[in-house]
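Participant: These are the residues of each chain, in order.
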Amino acid sequence: MSLNRLVNKFEYTLFRHRALVIVAFLLATLFLLFKATSIKLDAAFTKNIPLKHEYMQTYLRHAEDFGGANNILISLCDESGNIFNAGFFTTLRQAHDELLYTPGVDRVQVKSLFSPSTRFVEVVEDGFAGGPVIPADFVANSAGLAKVKENTEKAGVVGRMVADDYSCAMISAQLLEVNPDTGEKLDTINFASVLEQNIRGKYQSDSISVHIIGFAKMVGDVADGAKGVLVFFAIAIAITSVMVLFFCRSLMLTILPIACSLIAVIWQMGLLSVLGFGIDPMSILVPFLVFAIGVSHGVQMINSTGKRVAAGMNAKTAAQASFRKLLVPGGVALLSDTVGFLTLLIIEIGVIRELAITASLGVAVIILTNLILLPVLMSFVKFSKRYQERAAAPTPKTDKIWFTLSAFASRKYAAVILLVTATLFVFGYLQSQQVKIGDLHAGAPALHEDSRYNQDTFLITDRYAISVDYLNVMVETIPSACTEHDIMAKIDTFQWLMENVEGVQSAVSLPSVSKAINAAFNEGNVKWRVLPRNTQSLVQASSRVETSTGLLNADCSVMPVILFLQDHKAETIERVVSAAKKYGAELGDEQTRFMLASGPAGVMAATNEAVSEAQQPMMWYVYGAVILLCLLSFRSLRATISVILPLYVVSVLATALMTKLQIGLTVSTLPVIALGVGIGVDYGIYILSNMTQMLRDGMPVRQAYFEALKERGSAVLFTGMTLAIGVSTWVFSALKFQVDMGILLTFMFIVNMLGAILVLPALAAFLWRKK
Amino acid sequence: MLNKFIWLLAASAVAAITPFMMQAQQSEPQPAYQMPNANKALLTDLVKVNGQQLVAVGERGHILLSQDGQNWTQAQVPVQSNLNSVYFVNPQRGWAVGHDATILITEDGGASWQLQHYAPQTDKPLFDIYFADSQKGIAVGAYGIFYRTDDGGNNWHKHFHEELLLEEEREYLAELKETDPESYQIETEALLPHFNRLYAAGDALYMIGEAGFAAKSINFGDSWQRLGAFYNGSLFDITGTPQMALLAVGLRGHAFISKDQGMHWQQITLSKHATLNSAFSDDNGSVYLVGNAGTLLISRDGAASFTDYSQADGKAIVNGLVWHNLLVLVTETGVRTINLSELK
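Heads up: the sequence lines are chains A and B, in that order.
Here the numbering used here runs 28 ahead of the position in the first sequence, where the first position is 1.
Here the numbering used here runs 1 ahead of the position in the second sequence, where the first position is 1.
Don't read these hints as lab results, they were simulated from the structure.
Check each hint, because a few of them may be wrong.
[To be verified] Which residues of chain A face chain B? A few of them, derived with a C-beta cut under 7 Å, are: (1) 554; (2) 562; (3) 721; (4) 724.
[Said to hold, decoys possible] Straight-line Cα separation of at most 20 Å, SDA-like style, residue types lysine to any residue; simulated pairs: (5) A:177 - B:125; (6) A:175 - B:36; (7) B:41 - A:79; (8) A:177 - B:36; (9) A:177 - B:272; (10) B:41 - A:493; (11) B:125 - A:90; (12) A:177 - B:179; (13) B:125 - A:563; (14) B:41 - A:530; (15) A:610 - B:37; (16) B:125 - A:517; (17) B:316 - A:491; (18) B:316 - A:517; (19) B:41 - A:521; (20) B:41 - A:528; (21) B:316 - A:193; (22) A:255 - A:193; (23) A:688 - A:457; (24) A:175 - B:295; (25) B:316 - A:492; (26) A:177 - B:314; (27) A:177 - B:37; (28) A:609 - B:314; (29) B:125 - B:93; (30) A:139 - A:610; (31) A:464 - A:564.
For glycine and all other residues, C-beta sits at the position ideal for the given N, C-alpha and C.
In isolation and in its complexed conformation, chain B is listed as follows (with noise of 0.2 Å):
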């Protein structure tokens, strides 16, 4: 139904604002409720874990466990906000981030999870985790907020990495650190793009977000280096295809592939023009993008050229991947399981 009212907005050119306006309240955090729709409704992130299970996490807080992709239980967590992405460092230890800064953990492999971070007061959602190992770890998110941890994520701190910010901004607020110190410090709210998601390769760390943006790290997100840019659009997902290259995907249909670790990227001529949530690719060397309205295009000669196997119902298709013989995807309307076969 969700979507179905979009269709009211009146048509005008309107960005997305950056809020001024902090609400002092600090709700406290009430736990997810348990109904049997819950893997009917939006999902935003799929993980396998020590290719025993499969673990998603969605609105709501969300979050689904599975043995075979076909019948989901929700685990037991204790906040109700949407939750965007998950992450496992072992079969046992994980963490999922989402709104209201909304960090848990699990100790269990999913099956209860622990409130680590919540700050609902600065209305910022949190995109991304990545941990190097059990103890540390980054969360990223909307308006550049970036949170470390080095002790397993019992305290985390957030960081403003200036490094990210373009050669203009960063006199900008040079400038501003002297004249005007208050509004320094709103600045550094709001400055900085959205971080949408990490990737890791080998050494190096990579993050993508909005309008364009792209930065890699070779010491785990101590400092950064802005990649030079080559869309000007945002980005919602990088990964590594099969031929180790790097795949890019966002806005209108929008893929791009760096055969040099980021330095130069090339875009691919797609035929489908719906925005790109994620990419992904299976152990058979099948590249997958999805997106909204029912995108779903699969490459089989490593992100040259893409099938359109989009489906009919034009749900927004956020993430996925391939367990055993099935490809199981996250979408607006829960969890959707497409056999392979079918995909010839």
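Next comes chain A alone, as it looks inside the complex (with noise of 0.2 Å):
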């Protein structure tokens, strides 16, 4: 066998020159660190976005015109629950100049009180009246809040720039992703901390709350949270060192796993850093996946070695022949890994991608320091004879354990493990089936519900009518559309038609100003909010409505209705974004289309229709690798199976689990199944690997199965339950996103090996017959 050969070649080559293979690593390590440390967290809008999605085609296309769906609201509470005071209007004009000088904000799209377009106008007797609601001579006495308070009233702001009580005003703003003077990207996180340094930091005082939520703002908290995800892996690193110390009772042999698995996490941060990549918050939890990995790989690495020496080797004849024995096993899981961790680039949404090459890269770097620097290391240990005593003493306890368990491989109980195994899978499926695509709940799923962030978007959506989550349908037609009557009335139907669909809250558009307008240019009498038939009267209805107002371009060829919904669940948009796609097709016609969309709202609804999209094929991908992987290592269709099928189960189940905990498919969620995929082959492969040569010799399943976990099956419960309760602790963590997968990652560990060590030799019972 050519393989043979080839690894046989190159454990000579690798065991010969020692000391240089060490120094290489050393330096190459030296050099990652360094690469390493000015590695920054990066995040930007535009990555969360499934960009080549239709509708992100659509809200492309107008982003000029219509701004992005990247925008920020900073709402300012007095506490007295009055705003009309002088000190809240001194702060609030303060956070207003604030902003519109802050870098990387949209100075022509900063809307509140203060801002010059914020007008009232009123009827009188011989026509309008009107100016700024707030006076160009304001100044912050009764008399003149009085007149505020009025203006406000008249300009109809409340509820948009001012809580429906009074109680607070608000100050909003749009992101540009890149600066327009410099042409540099905008820095989302560091944004986001200027605004709480400057705007919270500044204005937040006793009398006067400060409360701020969009994306940007989002992702800064969810920096802040990642932070914490050191301690988690701190805690992490301690945890395992300590079981591996008490899994191999030798200082040096638990050291020496934990270091290279460290070494690679340094590795991938440093690959990442020269590659010119950052770290995205989301993505901040794949180090410790790359941990975990490499401690699953090492524990079997010194577990056979330490087996070698026991039986009498020296440390350096056993490391060479456990490299020999691992490479192979040990590279087909990593490389199975690393391409299952690449298939994630299939989908089109940037964080994913990133996820994809951090995932790959950190588990392909395992391949050189846990397969190859690790047994180097190890030959140099020098075991003392109490260890090796200690090692060779017969464990009549453990072998009592693993013959028990060797049980499963026989046909009688196999059958029952297979049965309750089908019964899970079947029970598991239908479960999975009805797993929800999309955030689940209000507010930010990556953060705790009781979060400053959550909480301050719950505030904003209860004192205020309006909400982030809005959705714009880009009617897209021919120029000068707006002095069309019948356009004018079809978009006016369509919105009349989507504002009856549950969950939409409330919906404007071009036709609807233009109708208010009408009216007020007919005395403010309601009988009159229509749109005119005649050209003249029309355009005079709809000329009035600047572009800034985001309700038409330049020429009213493309005029949005813009949809406030309830929520941003799955269920709601989804609802939404069907029955504009009905109600679009039904009114619209080859002049006039309803484009889905724009808005955060139809960013959302882009974004989970492409999580849906990519699901199937992901899994699909994610499997083709493994089991081709598979097949090229075993040549044995039969192993492939019984790899395989246990490792399907637990996808299904942990899908299931999703829906009981009633996590939905994100961006962010989606990943972990092919994650799971990646972490669960590990085991299975381990195990058979070292079966499938006992069985082409013709040894029965059961004892051949008794041997293997002889050989690997402490390793493998061992590495299981270590990493389980390893990613546990991140339930106390700060991140919603990181309790989630915490959770997740718990159950796959835990079940993968339940899977390895139970299902697969019962497969394995049935599909090796006696010869």
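Since each chain sits alone in its own frame, please combine them into the complex, following the hints.
Facilitator: Rendered as structure tokens:
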């Protein structure tokens, strides 16, 4: 076998130049450590968007005219419950100006009571009267404030710029992805901290509270929470170390796999930095996964070496033998992880692609650090006589456990196991079909409900009539369409139909505003709230609306219908989107097209659809890669089935668990299933690679399994438990998203392990018949 | 959401312009959509029919029926035009009018409606309709539009009441008729003010409208007499008080009372200055004024003085009535009911 020859040659070279290998690794590590220190958290709005999705194509086509979906809302609330006092208005003006001059903000789009475009109009006997809500000669005394209050009501901005109960006032702004002056990309996380310092820091006081929401702020808060991940990382390392020490009873054998796994993490970070990537707050957990996978392989290595030392080999021979024995199964497992993670690249969403690169890079370097460096380092370990004696001592108790366990490889018990598995699978499959796409809860799902950000979201949606969850249907039509009654009437009808869809709170479009203006032109008589049929009156009613309102472009060939939604739950968005498609098709024609979608909820709709479309192919690709690699390495269909089937059952059960825990499939949770496959495949491959040779030689399945358990069972059981305990600490995280991940990964570590030691042998029992 | 955007308007004094351009297209009427939020959309008029049920009309051809003032069902209507007024001559037979010169008739107490008149090309809304009996009726609207029927609405005829013009307008028209017949035609379509509301009291029929317009007819609209000017702003409603006086309300909180059948008018001083859309009274003798910016004023002394019960949300109230122990209002955001006991 050529593979064997290759491994032998590699082994020979490697162990002849051990010092050289170690020096090379040392130098590489130092270099990459240096690089890794400069890695930055990096988040951008566009990375979270499926840019190729048709909705986002519409969104991008009109982004220049209508601005993006990346907005920020700042609500200042007066603790007294009434904003009309001098102190509040001084602070509001300062905060408005502060935001106006914050780099990254689109100055034209900064709106509050203090923006010059905030005007009121009233009907008087001889026509209209009006002016800015806050007059140029405004003085914050009782007369001035009373005037402003009156103007605020006339301007109709209550619920939008001022809370329904006058307890808060809003400043809203849109962010520019690229600074037009410098051409630099917006540093979202930095922007968030600037908001925190310059707005909340400066203007929050005993009498005024500051509430900030929007994508940038959310990412900033996630990034803040992500810093806490380091603590969890440290805890996980500590727990793992103690458990490894307990497992191998040798300080040196504990330090080596842990150190090698950490080196893998350093390499991963360093390489990312070299390649010019940052770490997205949503991928912050990937280094931990790399560490975990590293430890899992490292433990196999020390286990194997330790057993050989116990059998009387010296350290070098034992390490060398372990290397030879584990390079292929370990390599195959890690390679399938790598390929599995790489398949995530097919999903055209920036953050997922970054995750694919981050994770596959990390797993690939484990091949170097834990399958090559680790055995080389171990060959230098001086094993004490005591260690050797203790390791060599017979372990009747453990053997007995293994023997009992090996019963699962006998048909009698195997049948029971398979029956239970099948039942679980059917149950899980039914549940998994009900997994929801998108965010299932109001607020930012990455953060806890009681987090500052979500509390601010609840406050704003509670006190104002508007929300950040709006979806724009872009009506693309002919130039000067706002002078055509039929087209305007169509848009108006569409808006009305959408206003009747459950989940749509309110809506606005150029026609609805034009109708109000037409009424205003007719002495404010609401009976004139119609679209005039004659062109002149219609022009009069629509030409006064400026493009800065976001209701039309320069030649009014594009007019969005803005739908304010109750929330951004997946089913709400889905219901609204499907209604918009239906009514758009009914009312639209060649001239007038109702195009989805823009606005934050439009982005979510596209993301949800992209995630839902990606779900199936992703599974096919991940499994395709793993199956192919298993076939190549085992050269056995039976072996491949034995490894893959339990894995698949676990994937399905994990999805079912998501349904049960009400975790939606989103950009951040979608990759978990793929990661789970990557992590889970290790166990099966280690166990089975040990069995296949013996099975080929005609050994009964139960006996082969017993031998495999003796050789590797403890390592499998141990890694499963250790990693599960490590991730389970995540439930204490400040990030809701990390809590969810923690639960899912704990589940997958444990259940995959159970799958490998219970279901795999049961399958083998039926697949390999006695000769 | 709608009136939130009025602020977008630049402040400039532009009077309602007169449309000269008419679009020739005649669009086919489309039946109104049956929608769950129809009772939350703009409603403009409300009547009780035979003490049995309420009928409300509003935008997009919405006609709503209710037995209790709380639960409303939408009737089948063959048009989507905004409706402005509804009138029942008996429990079965009623009419509704609105934009696109729409006139609808029901023969089954409001459950189903048929189209009698529809002329979108005129671009003129009808604002009120009144029937003296089941055959003789009048419908009036913007730019002095005036229709009448003598056969229950099977045929509607347009009338131009020259006597409603001001003296100098009559002279101008007479001259134009000689020199430029074409312009004369156009001017007859535009010279008259908007006719906003009809009110019948005994033998007299009153009509009020734009720019202080008020007129009286004692032969059911065959001929009219213009009442002396008492206000230069628009009037939106006229009604009788329980004390048999006339009450007219209009722009910017203006209300006037006449105790001599419209000969002399006296302004009532009110605390609110928003435009008043309607005035009505209940069986207990209370008089209600409703208007824009949530205005709700109630008088319990025959319109001598009013107490302010204006609604905090500032939504325009267009009309209303008292139904058992409920004050039922039609507003720009649909039906609103207030228990009378809350208005003490």
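Participant: Taking only the CA atoms, is the gap from residue 316 of chain B to residue 517 of chain A under or equal to 20 Å?
Facilitator: violated, 24 Å
Participant: Residue 255 of chain A and residue 193 of chain A were given as a pair; does the straight-line alpha-carbon distance stay at or below 20 Å?
Facilitator: violated, 38 Å
Participant: Can the restraint linking residue 610 of chain A and residue 37 of chain B be considered satisfied, given a maximum Cα separation of 20 Å?
Facilitator: Distance ~18 Å between residue 610 of chain A and residue 37 of chain B Cα, so the pair holds.
Participant: Residue 177 of chain A and residue 272 of chain B were given as a pair; does the straight-line alpha-carbon distance stay at or below 20 Å?
Facilitator: Within the cut-off at roughly 18 Å; holds.
Participant: With a cut-off of 20 Å on the C-alpha distance, tell me whether residue 125 of chain B and residue 90 of chain A pass.
Facilitator: Violated, at roughly 37 Å.
Participant: Verify the proposed pairing of residue 175 of chain A with residue 295 of chain B, using a straight-line Cα cut of 20 Å.
Facilitator: Holds, because 19 Å separates the two Cα atoms, which is no more than 20 Å.
Participant: Given the hinted pair residue 125 of chain B and residue 563 of chain A, is their alpha-carbon gap at most 20 Å?
Facilitator: With Cα atoms ~14 Å apart, residue 125 of chain B and residue 563 of chain A stay inside 20 Å; holds.
Participant: Are the Cα atoms of residue 177 of chain A and residue 37 of chain B separated by 20 Å or less?
Facilitator: violated, 35 Å
Participant: Would you check the hint for residue 177 of chain A and residue 125 of chain B, treating anything up to 20 Å between C-alpha atoms as holding?
Facilitator: violated, 37 Å
Participant: Does residue 554 of chain A meet its interface restraint, that is, does its C-beta lie within less than 7 Å of any C-beta in chain B?
Facilitator: Status holds, d = 5 Å.
Participant: Taking only the CA atoms, is the gap from residue 688 of chain A to residue 457 of chain A under or equal to 20 Å?
Facilitator: holds, 12 Å
Participant: Does residue 139 of chain A pair with residue 610 of chain A here, judged by a C-alpha cut-off of 20 Å?
Facilitator: violated, 34 Å
Comparing the model with each earlier hint shows violations of hints 3, 4, 5, 6, 7, 8, 11, 12, 18, 22, 27, 28, 29, 30 and 31; every other hint is respected.
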